[in-house]
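The chain contents come next:
There are 2 protein chains.
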Amino acid sequence: MEQPDFDKCGGLLPVIAQEAASGEVLMLAYMNEEAWNETLRTGEVHYYSRSRKTLWHKGGTSGHVQKVRSIRMDCDRDTVLVQVEQIGGAACHTGRRSCFYRERDAQGRWTDCSPMVFDPKEVYK
Amino acid sequence: MEQPDFDKCGGLLPVIAQEAASGEVLMLAYMNEEAWNETLRTGEVHYYSRSRKTLWHKGGTSGHVQKVRSIRMDCDRDTVLVQVEQIGGAACHTGRRSCFYRERDAQGRWTDCSPMVFDPKEVYK
Numbered sequence: 001m002e003q004p005d006f007d008k009c010g011g012l013l014p015v016i017a018q019e020a021a022s023g024e025v026l027m028l029a030y031m032n033e034e035a036w037n038e039t040l041r042t043g044e045v046h047y048y049s050r051s052r053k054t055l056w057h058k059g060g061t062s063g064h065v066q067k068v069r070s071i072r073m074d075c076d077r078d079t080v081l082v083q084v085e086q087i088g089g090a091a092c093h094t095g096r097r098s099c100f101y102r103e104r105d106a107q108g109r110w111t112d113c114s115p116m117v118f119d120p121k122e123v124y125k
Numbered sequence: 001m002e003q004p005d006f007d008k009c010g011g012l013l014p015v016i017a018q019e020a021a022s023g024e025v026l027m028l029a030y031m032n033e034e035a036w037n038e039t040l041r042t043g044e045v046h047y048y049s050r051s052r053k054t055l056w057h058k059g060g061t062s063g064h065v066q067k068v069r070s071i072r073m074d075c076d077r078d079t080v081l082v083q084v085e086q087i088g089g090a091a092c093h094t095g096r097r098s099c100f101y102r103e104r105d106a107q108g109r110w111t112d113c114s115p116m117v118f119d120p121k122e123v124y125k
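For the protein sequence lines, the chains are L and A, in the order given. Per UniProt numbering, the first sequence starts with residue 1, numbered consecutively. Per UniProt numbering, the second sequence starts with residue 1, numbered consecutively.
This is chain L alone, in the form it adopts within the complex:
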């Protein structure tokens, strides 16, 4: 059975989370093998937090979990695409729907392009 290649980037696999219903790209984070196995076991996306150096159950604090709808793997098995149902409607810790909320305009300025869904001060007390 083919599995993602965790060795290529020192044990970490980049994972793209895409909202299944809309096709919006929500975030990119990383899984180690433990996070991969926990994602498969629970049906909710788990990542490896590089800053906290620990397993990260996305939404474990806020309740805004990501329910797995499909899992895809790329041609060289070093990246995974998960299509998810984003509970709470926002993936970003800033309260925006997508972490990719800044768009570059023709003058090289960054402007907001993703709506604010929740107030982080209310969610992360």
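No lab work stands behind these hints: they were computed from the structure. Be a bit skeptical, because a hint or two may be false.
[As the list claims (entries may be wrong)] Which stretches of chain A does chain L cover? Using the computed rule of at least three CB atoms under 8 Å from a CB of chain L, they are: (1) 11-18; (2) 24-32; (3) 84-94; (4) 101-115.
We treat Cβ as the ideally placed atom computed from N, Cα and C, and that holds for glycine.
Based on the hints, put chain A in the right spot on chain L.
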């Protein structure tokens, strides 16, 4: 002016390419600062090839370039999302529309989920 943070991953920035019209995620690859600048200058996506250790003008061989339609940056400035028009209709060197052409089924098997668009033997002579 805020710019992507190239230092976080040793000079390389993960870049998600998404088809602008359909929302389909096509591939993930990496840019160094030179590739970033060339992308902005030309309006066609350039990556850094980790295997060949060189600037990689996507589609330079096959003609299947990626025309930039928008550029987004994530909350911690370490990942970029480019929405593109994929000339030729296929991003993957295998001839499939998307590099994410394998989907995991409930039994853990991988099945093809992205159509074959061209014959790689015809394109890469």
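Going through the hints against the structure:
Coverage of the stretch 11-18 of chain A by chain L holds [criterion: at least 3 residues with CB-CB distance below 8 Å; count 3]. A stretch counts as covered by a chain when three or more of its residues have a beta carbon under 8 Å from one of that chain; for the stretch 24-32 of chain A and chain L the count is 4, and the coverage holds. With 3 residues having a Cβ less than 8 Å from any Cβ of chain L, the stretch 84-94 of chain A passes the three-residue criterion, so the hint holds. Given as covered by chain L, the stretch 101-115 of chain A passes the check, having 8 residues with a CB less than 8 Å from a CB of that chain where 3 are the minimum.
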